[in-house]
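Be aware that the sequence shown starts at 1, since it is given in this note's numbering, and climbs by one per residue.
Rather than coming from a laboratory, the hints here were simulated on the basis of the structure. Hints may be right or wrong, so weigh each one.
Mimicking SDA-like on lysine to any residue, the simulated pairs with C-alpha atoms at most 20 Å apart in a straight line are [unchecked claim]: (1) K475 <-> Y10; (2) K475 <-> P268; (3) K475 <-> R486; (4) K475 <-> L333; (5) K475 <-> E89; (6) K475 <-> D496; (7) K475 <-> D489; (8) K475 <-> L265; (9) K475 <-> S464; (10) K475 <-> T495.
Bear in mind the structure is a predicted one, so any value in this text is a computation, not a measurement.
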Amino acid sequence: PEAEEASLAYRLLVAQRMITLAHNSKEIDESHGDERGSTAAILLDLFRAGKAGGMEGVHAEVTRLARRGRSGGRPESWDDYAQLFQELELPTIAGHYREDATFAEQRVSGPNPVWLRRADELPDHFPVSEEEFRASQPRDSLAAARAEGRLYLADYAALDGLECSDYPSGQKYLSAPLALFVVPPSGARDLQPVAIQLDQRPGPRSPILTPRDGWAWLDAKTRVQSADGNCHQAISHLGRTHLPLDAVVLATHRNLARSHPVFILLWPHLEGTLSINESANTSLLAPQGGVDVVLAGTIEATRALAAEAASEWSLVDDASVLPNYPYRDDGLLIWGAIRDWVESYLALYYPGDLDVQQDRELQAWVAELISPDWGRLRGLGQGGRIQTRDYLTQVLTTLIFTASAGHAAVNFPQCTAMTYVPNWPLASFTPARPGPISEQDCLDLLPPLDVAHMQVSLGYLLGSIYYTQLGRYPKTLLFDYFSDRRVHDLEGRFTDRLDAIEAEIEERNQSRRAPYPHLLPSRIPQSTNL
Numbered sequence: 001p002e003a004e005e006a007s008l009a010y011r012l013l014v015a016q017r018m019i020t021l022a023h024n025s026k027e028i029d030e031s032h033g034d035e036r037g038s039t040a041a042i043l044l045d046l047f048r049a050g051k052a053g054g055m056e057g058v059h060a061e062v063t064r065l066a067r068r069g070r071s072g073g074r075p076e077s078w079d080d081y082a083q084l085f086q087e088l089e090l091p092t093i094a095g096h097y098r099e100d101a102t103f104a105e106q107r108v109s110g111p112n113p114v115w116l117r118r119a120d121e122l123p124d125h126f127p128v129s130e131e132e133f134r135a136s137q138p139r140d141s142l143a144a145a146r147a148e149g150r151l152y153l154a155d156y157a158a159l160d161g162l163e164c165s166d167y168p169s170g171q172k173y174l175s176a177p178l179a180l181f182v183v184p185p186s187g188a189r190d191l192q193p194v195a196i197q198l199d200q201r202p203g204p205r206s207p208i209l210t211p212r213d214g215w216a217w218l219d220a221k222t223r224v225q226s227a228d229g230n231c232h233q234a235i236s237h238l239g240r241t242h243l244p245l246d247a248v249v250l251a252t253h254r255n256l257a258r259s260h261p262v263f264i265l266l267w268p269h270l271e272g273t274l275s276i277n278e279s280a281n282t283s284l285l286a287p288q289g290g291v292d293v294v295l296a297g298t299i300e301a302t303r304a305l306a307a308e309a310a311s312e313w314s315l316v317d318d319a320s321v322l323p324n325y326p327y328r329d330d331g332l333l334i335w336g337a338i339r340d341w342v343e344s345y346l347a348l349y350y351p352g353d354l355d356v357q358q359d360r361e362l363q364a365w366v367a368e369l370i371s372p373d374w375g376r377l378r379g380l381g382q383g384g385r386i387q388t389r390d391y392l393t394q395v396l397t398t399l400i401f402t403a404s405a406g407h408a409a410v411n412f413p414q415c416t417a418m419t420y421v422p423n424w425p426l427a428s429f430t431p432a433r434p435g436p437i438s439e440q441d442c443l444d445l446l447p448p449l450d451v452a453h454m455q456v457s458l459g460y461l462l463g464s465i466y467y468t469q470l471g472r473y474p475k476t477l478l479f480d481y482f483s484d485r486r487v488h489d490l491e492g493r494f495t496d497r498l499d500a501i502e503a504e505i506e507e508r509n510q511s512r513r514a515p516y517p518h519l520l521p522s523r524i525p526q527s528t529n530l
């Protein structure tokens with residue numbers, strides 16, 4: 001609908017990033033003696049694309065633009081990937097991505113900080129021995145770590161059997177690995193990697209690798225990064241933020257009057273979602289679109305992963321005892337602030353549970369969300385309804401958190417971690433194999449430079465645009481988004497709380513191994529609008 005189209009302010013932000021990408025692509029061309037048009041001509045193409053096709057046209061032009069930079073070609077050295085950053089700033093992670101500490105840290109503060117699980121027992125098909133464990137933890141034991149709840153597992157079984165693509169530059173490969181981590185019993189107690197198995201089936205063709213295995217260990221870590229990136233893009237990002245919110249937008253429009261208190265509360269957190277999702281569906285996720293270029297799976301397989309993830313619904317439930325977990329620690333601050341805001345807001349309109357139960361619009365709303373013919377959100381509702389104000393508070397808190405902080409946490413690290421391709425290749429270009437691995441083998445598994453340039457361009461565009469800010473509802477001298485004056489004091493408390501959280505996270509970042517900026521309230525948009 002026209003009312004759901006991206007605003008002029010949003011389009012201007014996109015245009016600024018596109019200008020930067022145009023300069024970056026042009027400079028890459030010229031650095032290799034390939035002059036294919038002026039910057040002015042490139043920008044004119046972008047303008048025409050946006051005018052003709054809206055955001056879909058812009059995304060299609062990004063795809064075309066990214067593929068212009070140094071067409072094809074295998075890298076001759078690691079530095080070739082750094083050379084893709086001409087106008088763009090080279091991410092700091094390029095200087096230390098090979099370190100085991102960085103690899104582990106990205107499980108709890110990288111683009112996909114929701115995949116790690118505590119392992120009270122290791123699965124039978126991941127038979128890590130005591131000797132293999134001690135290869136990296138000589139002063140610890142596997143038995144003690146298991147008994148004390150210090151083992152953590154990243155399991156990418158969701159990718160097992162996924163059909164891989166050969167578009168656009170040759171056959172791609174993707175492992176379905178298991179990666180084991182441990183929190184040491186003393187000292188800094190930061191997460192550390194222990195062992196990796198690159199296949200769900202153990203055996204001679206898929207040995208357990210440890211930090212003592214040299215280049216084979218770097219090869220294994222890189223393939224874990226690739227698996228994590230595919231799970232991030234299809235499941236954690238697209239499937240668990242963008243797509244389920246589509247159903248919420250539609251159900252909210254179809255069942256709640258614009259004057260309904262839940263509509264009023266939710267709407268700023270749904271702004272732009274239909275527009276960006278339609279752009280993704282018709283451009284980035286289309287056959288031969290950007291996702292098809294950079295991810296390992298076929299576009300059909302990737303879309304299927306996302307669709308399945310979109311129907312999974314769960315309220316936040318973190319039982320991790322990891323001592324240093326930036327996504328969890330900062331996220332819980334944001335979660336608590338949102339919950340208190342929602343709880344106090346709903347108390348104005350629902351004095352008790354009976355008022356919730358008798359709200360026919362609200363009950364129709366949740367019925368559509370869980371309907372197998374409509375929203376298809378499994379795990380939502382209390383017997384097909386919302387029975388209590390407390391449960392309604394949990395539902396709305398989850399939706400607002402998902403649309404704002406949850407999406408921010410998986411979206412913005414694309415610019416800081418995923419754009420440097422050796423750190424996070426989204427596809428491998430050689431199959432995993434046992435046996436000796438050389439430095440050249442580690443370079444050969446990385447994408448060709450045209451695919452890498454696409455990953456840089458998309459990561460920068462998607463991970464650098466901040467439009468709106470959590471808790472800052474529209475307000476001018478003559479207009480206040482909340483017409484009910486009773487809400488104003490509650491809104492003020494919410495923004496004050498977010499300001500205090502900003503200061504607390506800034507203080508935490510002073511002592512962290514690497515700052516975690518992605519859940520600073522000032523960097524969290526209100527909605528999933530990119």
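Okay, which hints does this one fail, numbers in order?
4, 5 and 9
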